[in-house]
Amino acid sequence: MLKDITLGQYFPGESVMHRLDPRTKLVALIVYVVMLFVAKGTASYLLCAVCAAVLIAMSRVAPRLILKSLKPVIVIVIFTAVLNMLYTPGRELVSFWIFKITAEGVYNGVFMAVRIIMLVAVTSLLTYTTSPIALTDAIEHLLSPLKKLKVPVHEFAMMMTIALRFIPTLIEETDKIMSAQKARGADFESGNLLRRAKALIPVLVPLFVSAFRRADELAVAMECRLYHGGEGRTRLNVLRFSRLDAAAAVLVICFVAGVVLLNRVSL
Amino acid sequence: MPEIIKTESLCFSYDEEEGAQLVLSDIGLSVEAGDFVAVLGHNGSGKSTLAKHFNVILLPTSGAVYVDGMNTADAERLFAIRGTAGMVFQNPDNQIVATVVEEDVAFACENMGVPQAEIRARVDAALEAVGMTEYARHAPHLLSGGQKQRVAIAGVLAMEPKILVMDEPTAMLDPSGRAEVMNAVKKLNREKGLTVVLITHHMDEAAQARRVVVMERGKVVMDGTPEDVFSQVERVRELSLAVPQTVELEYALNAHGANLSLRDLSVEDCAREIMKYLGAD
Ligand SMILES: Nc1ncnc2c1ncn2[C@@H]1O[C@H](COP(=O)(O)OP(=O)(O)OP(=O)(O)O)[C@@H](O)[C@H]1O
Ligand SMILES: [Mg+2]
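Sequence lines, in order, name chains A and B. Sequential numbering of the first sequence, starting at 1, is according to my numbering. Sequential numbering of the second sequence, starting at 1001, is according to my numbering.
For the record, the hints were derived by calculation from the structure and aren't laboratory data. Keep in mind that this is a model prediction, so the values were computed, not measured. In this text, a Cβ means the ideal position worked out from N, Cα and C, and glycines have one as well. Among these hints, one or two may not hold up.
[To be verified] Only some residues are given here: those of chain A computed to face chain B with a beta carbon under 7 Å:
| hint | residue |
| --- | --- |
| 1 | P168 |
| 2 | E217 |
| 3 | L218 |
| 4 | A219 |
| 5 | R225 |
| 6 | L226 |
| 7 | Y227 |
| 8 | G232 |
| 9 | R235 |
| 10 | R240 |
[To be verified] Derived pair list, reagent style EDC-like, types lysine to aspartate or glutamate, alpha-carbon separation capped at 20 Å:
| hint | chain 1 | residue 1 | chain 2 | residue 2 |
| --- | --- | --- | --- | --- |
| 11 | B | K1162 | A | E173 |
| 12 | A | K176 | A | E189 |
| 13 | B | K1186 | B | D1167 |
| 14 | B | K1187 | B | E1216 |
| 15 | B | K1052 | A | E223 |
| 16 | A | K176 | B | D1174 |
| 17 | B | K1052 | A | E217 |
| 18 | B | K1192 | B | E1268 |
| 19 | A | K198 | A | D216 |
| 20 | A | K40 | A | E104 |
| 21 | B | K1052 | A | D216 |
| 22 | B | K1219 | B | D1074 |
| 23 | B | K1052 | B | D1026 |
| 24 | B | K1219 | B | E1160 |
| 25 | B | K1006 | B | D1167 |
[Stated by the list, open to error] Label-pair ranges, simulated between beta-carbon atoms:
| hint | chain 1 | residue 1 | chain 2 | residue 2 | range |
| --- | --- | --- | --- | --- | --- |
| 26 | A | M159 | B | D1015 | 44 to 52 Å |
| 27 | A | A62 | B | S1240 | 26 to 34 Å |
| 28 | B | S1144 | A | V94 | 37 to 45 Å |
| 29 | B | P1175 | A | I74 | 40 to 48 Å |
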């Protein structure tokens, strides 16, 4: 069950999306997310959706995986959509009890849902096509001006790399501990929320203890492999912009211009 | 052969206090370059503590440790020593840093500031040496235990160390994983002349070494070729260790009047020895 979590998972490949520099991808993602919120009207949203679809197709990542990444946010999507439908004032469509659904509400709700879905889909596309190390590298690079302000950028990037590395290990371990507790008669599925939360304590305690032990051993192993912070470090895979990235930059600019234009048109 | 590791009356205690229990007491051990040394001893005898002195995770309370001629107490040589004596630990999960095999193997080189092109060459060579080339782009958490441990060894090899110190590298592996790791290590020792110090609880692994050192309460109590050590069956048992099964068998037969050498560590040699005895009768 816990194995279904796909967050931060990388699927190696050779597609255009895989070959792009992670910095390009990261900046493009940020631009895309901003544009999702700037976009107004059907035409702009359509452009965003088409872009998302094209990116997914180009990445050669199975659409099934993208759908899987949406599963955890379904509740949030429905919740926001419903809230928007109920609480947007405007022309009334139906009303019952204290609720009334307005045309504007339906419109807002649908767009909010589409917005979140595209946001999650494109973000997970980034993690699917970018190795976590490349991603943290990109973050380290993009934030490196902050080093001058004594912000420990390298250390943060390293912490992120290690966190990503240990997510599957700790998930596996949680599964193991839960099975062990179930074998001793623990019950995680029944009872109210409080009872279920309580049932998790015997899982969390050993998980924490083992995480600390792991951290300790990892620190020693890293020291043995000469880790001494970011100073003087070289990299196996150095980030390099290619022509592909230039092309991507042009497309991103076109996209921004497109959304801005379509916003004008449809308003 | 020159000595690549040397300890001089090494004493160590985890407790700083005067007169505290010594975990290592007066160890004078030297290892020749290119040797393959297995370290045995029951739980708590101080094996891991000793190994941690070889790459400056611990420093002697008194006495000295020299690695390739460098005193481990010399703080300026810290990185040189750690780069000379690479260390592999028991749990492969807790020593793999990166999410892609080759990036993990590159980790040590990156820390050393090796230029990019050379990192590539070293990573490829290290993966080749442990037979993991085809897994270069895989995620470590999807590998088997034996494969993970070989990745961990490759990560150390990429530093191009002269010594490989391994603390129970096969303890968490199944028999086939253990065989994978042992074969990789033996090959490195044989073909690259890498000095190997292998801490283990498996007698069959120790039997594959060229020299066996047995520890008890922080002291070296036996030291010699595997044949010399294991043929002293009673002594080994006194130290709460077992002998390899072949020696065990010969010992049991001797108790019933046979006269076998107790020096046969491989099944073939053991069978030949027994056949010889039966034929001679
Ligand atoms: N970090 C520590 N702090 C205090 N005492 C320790 C520490 N690590 C080990 N010891 C003690 O030192 C002694 C030797 O431990 P060590 O881990 O070296 O044994 P070992 O031979 O490696 O045992 P094992 O076969 O179980 O791995 C033990 O008595 C142990 O309790
Ligand atoms: Mg130990």
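Taking the hints in turn, this is what the structure says about them:
Hint status for P168(A) relative to chain B: holds, with the closest Cβ pair at about 4 Å, below 7 Å. Taking 7 Å as the C-beta cut-off, the interface hint given for E217(A) holds, the closest approach to chain B being about 4 Å. Interface restraint check: L218(A) against chain B, minimum CB-CB distance 5 Å, threshold 7 Å, status holds. With its C-beta approaching chain B no nearer than about 10 Å, A219(A) sits outside the 7 Å limit, and its interface hint is violated.
Because the smallest distance between the Cβ of R225(A) and any Cβ of chain B comes to about 4 Å, under 7 Å, the interface hint for this residue holds. Annotation: L226(A) was flagged as interfacial toward chain B, and the flag holds, the nearest CB pair being 4 Å apart, inside 7 Å. The beta carbon of Y227(A) comes within 5 Å of a beta carbon in chain B, closer than 7 Å, and the hint placing it at the interface holds. Interface hint status for G232(A): upheld, as the beta-carbon distance to the closest one in chain B is roughly 4 Å, under 7 Å.
With its C-beta approaching chain B no nearer than about 6 Å, R235(A) sits inside the 7 Å limit, and its interface hint holds. A distance limit of 7 Å between C-beta atoms decides the matter here; for R240(A) the minimum to chain B is near 10 Å, and the interface restraint is violated. Taking the CA atoms of K1162(B) and E173(A), the gap is about 35 Å. The hint is violated against a cut of 20 Å. Restraint check for K176(A) and E189(A): satisfied, since their Cα atoms lie roughly 16 Å apart, inside the 20 Å limit.
Using a Cα cut-off of 20 Å, the hinted pair K1186(B) and D1167(B) holds, with the two alpha carbons roughly 16 Å apart. Among the hinted pairs, K1187(B) with E1216(B) is inconsistent with the structure: their alpha-carbon atoms are about 30 Å apart, more than 20 Å. Of the pairs offered as hints, the one joining K1052(B) and E223(A) holds, with about 12 Å between alpha carbons and a cut-off of 20 Å not exceeded. Between K176(A) and D1174(B) the CA atoms are separated by roughly 18 Å; this keeps the pair inside 20 Å, and the hint holds.
Using a Cα cut-off of 20 Å, the hinted pair K1052(B) and E217(A) holds, with the two alpha carbons roughly 13 Å apart. Of the pairs offered as hints, the one joining K1192(B) and E1268(B) is violated, with about 27 Å between alpha carbons and a cut-off of 20 Å exceeded. For a cut-off of 20 Å, the pair hint linking K198(A) to D216(A) is broken: about 28 Å separates their Cα positions. With a CA separation close to 13 Å, the supplied pair K40(A) and E104(A) stays within the 20 Å bound.
Under the criterion of a C-alpha separation no larger than 20 Å, the hint pairing K1052(B) with D216(A) is consistent with the structure, at around 15 Å. A threshold of 20 Å between alpha carbons decides the hint, and for K1219(B) with D1074(B) the separation of about 25 Å lies outside it, so the pair is violated. Using a Cα cut-off of 20 Å, the hinted pair K1052(B) and D1026(B) holds, with the two alpha carbons roughly 16 Å apart. Distance restraint check for K1219(B) and E1160(B): the Cα-Cα separation of roughly 31 Å exceeds the 20 Å cut-off, and the hinted pair is therefore not satisfied.
Among the hinted pairs, K1006(B) with D1167(B) is consistent with the structure: their alpha-carbon atoms are about 18 Å apart, no more than 20 Å. The supplied range of 44 to 52 Å is broken by M159(A) and D1015(B), whose beta-carbon atoms lie about 33 Å from each other. A C-beta distance of roughly 56 Å is found between A62(A) and S1240(B), which places it outside the suggested range of 26 to 34 Å. Taken as a hint, the range 37 to 45 Å is violated for the pair S1144(B) and V94(A), whose Cβ atoms sit roughly 59 Å apart.
Taking the beta carbon of each, P1175(B) and I74(A) are about 46 Å apart, inside 40 to 48 Å as hinted.
Checked against the numbered hints given earlier, this structure breaks hints 4, 10, 11, 14, 18, 19, 22, 24, 26, 27, 28; the rest are met.
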